[in-house]
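As a plain string of letters, each chain reads:
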Amino acid sequence: MQDLINKINENAKELKSDEASVSALYDKYAPALYGRIIKVVKQKEIAEKILLRVFVNAVVDKNMKQSNHLSLFTSLLNHSRKKTYGTMKAMKVLESCCGSPGPATISQ
Amino acid sequence: MTNILKRNNVTITGNGDKVMLFAHGFGCSQNAWKRITPAFADDYKLILFDYIGAGKSDVTAYDKVKYSSLDGYAQDILEICKELHVKDAVFIGHSVSCMIGALASIREPAIFNKLIFIGPSASYLNEEGYVGGFEKEEIDSIFEVMDDDYFKWSKSMAPKIMGENKETEIQEELTDLFCSTDADIAKDFARVTFLSDNRQDLPRIPVESLTLQCSEDIIAPLEVGQYIHENTPNNTLVILKATGHCPHMSEPEETIAAIKAFL
Numbered sequence: 001m002q003d004l005i006n007k008i009n010e011n012a013k014e015l016k017s018d019e020a021s022v023s024a025l026y027d028k029y030a031p032a033l034y035g036r037i038i039k040v041v042k043q044k045e046i047a048e049k050i051l052l053r054v055f056v057n058a059v060v061d062k063n064m065k066q067s068n069h070l071s072l073f074t075s076l077l078n079h080s081r082k083k084t085y086g087t088m089k090a091m092k093v094l095e096s097c098c099g100s101p102g103p104a105t106i107s108q
Numbered sequence: 001m002t003n004i005l006k007r008n009n010v011t012i013t014g015n016g017d018k019v020m021l022f023a024h025g026f027g028c029s030q031n032a033w034k035r036i037t038p039a040f041a042d043d044y045k046l047i048l049f050d051y052i053g054a055g056k057s058d059v060t061a062y063d064k065v066k067y068s069s070l071d072g073y074a075q076d077i078l079e080i081c082k083e084l085h086v087k088d089a090v091f092i093g094h095s096v097s098c099m100i101g102a103l104a105s106i107r108e109p110a111i112f113n114k115l116i117f118i119g120p121s122a123s124y125l126n127e128e129g130y131v132g133g134f135e136k137e138e139i140d141s142i143f144e145v146m147d148d149d150y151f152k153w154s155k156s157m158a159p160k161i162m163g164e165n166k167e168t169e170i171q172e173e174l175t176d177l178f179c180s181t182d183a184d185i186a187k188d189f190a191r192v193t194f195l196s197d198n199r200q201d202l203p204r205i206p207v208e209s210l211t212l213q214c215s216e217d218i219i220a221p222l223e224v225g226q227y228i229h230e231n232t233p234n235n236t237l238v239i240l241k242a243t244g245h246c247p248h249m250s251e252p253e254e255t256i257a258a259i260k261a262f263l
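Chains S and C, in that order, give the protein sequences. Quick note, the first sequence lines up with residues 1 to 108 if you use my numbering. Quick note, the second sequence lines up with residues 1 to 263 if you use my numbering.
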């Protein structure tokens, strides 16, 4: 997990965002989001990648940063859900046209 | 001067006089055709090739500018045909290759007298009044998945995921095909494939064509095949019982029968 936090912070630096606030955001919400993502994707590495993208998006999304606690969590949750199912569909698509074996099913 | 046949790893088999040219889809190589080519070997000369970046093609021939659109790939097909003096051939394309073949046919109408499209799409992006099968965010996810190399993990997880699936052998074969594709070129090809819009080219296709549409295809849904049929002159639509995006691999007999009926 520390690696993931470092990666997010690296991205935040590149985007000239506030490193401390990203870490705080991550500490507060990542476990809950990760739990939901891993339930769907089943694979740790992929769940971590999705989580990373959710937080990178949070860093660049000004509206999300200005949200209050409840709406921020809801936004992160919604984005996490979209990103999870988008990733699963993408893997299914690539599996279909390339033959790479992605997850066998997409459970909604 | 470039050796075109070597560049695209062109292989020629079959015993007939008439020519049949097979163009594989995104992520595959010419090996993808091996389940259906024997059915045509007695009557046709079979030309197979790998796009640059796929199979045993010459990856050093990759040119980002040339291959930034499907026209670059169509040009390669035309060059192969010119080199081999191909005329009045049957073109069989899978997935993105259907539109590549269509573009080649529009540019040089004498080269093919019939086009066979397996799982074609003229545009993958949904728009008002058009069902392509994908929202923009979903296409972006495909690029992200490729950029993040999710496949490496997926492949390592494959046995666990696949379980006792009887299709495991086919899946492993398919996986090997994908792995024979240059990863960086595949990323570019994915963008060219999924962002292309060839709807305006359909009415310009100069020869008779067949659309083979799978009954359930996550990449090219029924509406896409229907759109191609309705907007392409002299097009026959056949909806296969086969599901998925690669009926020539998963249901070769049904695919062969549909092709033979059209020919």
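One thing to keep in mind: the hints can contain errors.
Claimed, not checked - Some, not all, of what chain S presents toward chain C, calculated at C-beta under 7 Å:
| no. | residue |
| --- | --- |
| 1 | G35 |
| 2 | K49 |
| 3 | A90 |
| 4 | M91 |
| 5 | S96 |
| 6 | C97 |
Claimed, not checked - Result set (EDC-like, lysine to aspartate or glutamate): computed pairs, CA atoms no more than 16 Å apart in a straight line:
| no. | chain 1 | residue 1 | chain 2 | residue 2 |
| --- | --- | --- | --- | --- |
| 7 | C | K34 | C | E251 |
| 8 | S | K82 | C | E144 |
| 9 | S | K92 | C | E253 |
| 10 | S | K92 | C | E216 |
| 11 | C | K45 | C | D71 |
| 12 | S | K89 | C | E144 |
| 13 | S | K89 | C | E216 |
| 14 | S | K92 | C | E108 |
| 15 | S | K82 | C | E138 |
| 16 | S | K92 | C | D188 |
| 17 | C | K241 | C | E230 |
| 18 | S | K89 | C | D188 |
| 19 | S | K92 | C | D140 |
| 20 | C | K66 | C | E253 |
| 21 | S | K89 | C | E208 |
| 22 | C | K87 | C | E208 |
| 23 | S | K44 | C | E208 |
| 24 | S | K89 | C | E137 |
No lab work stands behind these hints: they were computed from the structure. The beta carbon of each residue, even a glycine, is placed where N, CA and C say it ideally should be.
Taking the hints in turn, this is what the structure says about them:
Interface restraint check for G35/S: the shortest CB-CB distance to chain C comes to about 19 Å, outside 7 Å, so the restraint is violated. Hint on K49/S holds. Least Cβ distance to chain C is approximately 5 Å, under the 7 Å limit. The interface hint given for A90/S is met, as the beta carbon of that residue sits about 4 Å from the closest beta carbon of chain C, less than 7 Å. Residue-level restraint check for M91/S holds (minimum Cβ-Cβ distance to chain C is 6 Å; threshold 7 Å).
A distance limit of 7 Å between C-beta atoms decides the matter here; for S96/S the minimum to chain C is near 4 Å, and the interface restraint holds. Annotation: C97/S was flagged as interfacial toward chain C, and the flag holds, the nearest CB pair being 5 Å apart, inside 7 Å. Of the supplied pair hints, the one linking K34/C and E251/C holds, its CA atoms being roughly 12 Å apart against a limit of 16 Å. Simply put, K82/S and E144/C have alpha-carbon atoms about 14 Å apart, close enough for the 16 Å limit, and the pair holds.
With a CA separation close to 24 Å, the supplied pair K92/S and E253/C exceeds the 16 Å bound. Taken as a hint, the K92/S and E216/C pair is honoured in the structure, with Cα atoms around 13 Å apart against an allowance of 16 Å. As the CA atoms of K45/C and D71/C are separated by approximately 25 Å, the hinted pair breaks the 16 Å bound. As the CA atoms of K89/S and E144/C are separated by approximately 12 Å, the hinted pair is consistent with the 16 Å bound.
At most 16 Å may separate the alpha-carbon atoms for a hinted pair to count; K89/S and E216/C meet this at roughly 15 Å. Annotation: proposed proximity of K92/S to E108/C is violated, straight-line Cα distance about 36 Å (limit 16 Å). Annotation: proposed proximity of K82/S to E138/C holds, straight-line Cα distance about 9 Å (limit 16 Å). Pair hint K92/S plus D188/C does not hold up; C-alpha atoms about 19 Å apart against a cutoff of 16 Å.
Our distance criterion of 16 Å between C-alpha atoms is broken by K241/C and E230/C, whose separation comes to about 21 Å. At most 16 Å may separate the alpha-carbon atoms for a hinted pair to count; K89/S and D188/C exceed this at roughly 20 Å. Proposed proximity of K92/S and D140/C is supported: the alpha carbons are some 14 Å apart, at most 16 Å. With a CA separation close to 36 Å, the supplied pair K66/C and E253/C exceeds the 16 Å bound.
Restraint check: the Cα-Cα separation between K89/S and E208/C comes to about 34 Å, which exceeds 16 Å; the hinted pair is violated. Under the criterion of a C-alpha separation no larger than 16 Å, the hint pairing K87/C with E208/C is consistent with the structure, at around 15 Å. A C-alpha spacing of about 50 Å is found between K44/S and E208/C, which places the hinted pair above 16 Å, so the restraint is violated. Distance restraint check for K89/S and E137/C: the Cα-Cα separation of roughly 11 Å lies within the 16 Å cut-off, and the hinted pair is therefore satisfied.
Against the hints set out earlier in the document, violations occur for numbers 1, 9, 11, 14, 16, 17, 18, 20, 21, 23.
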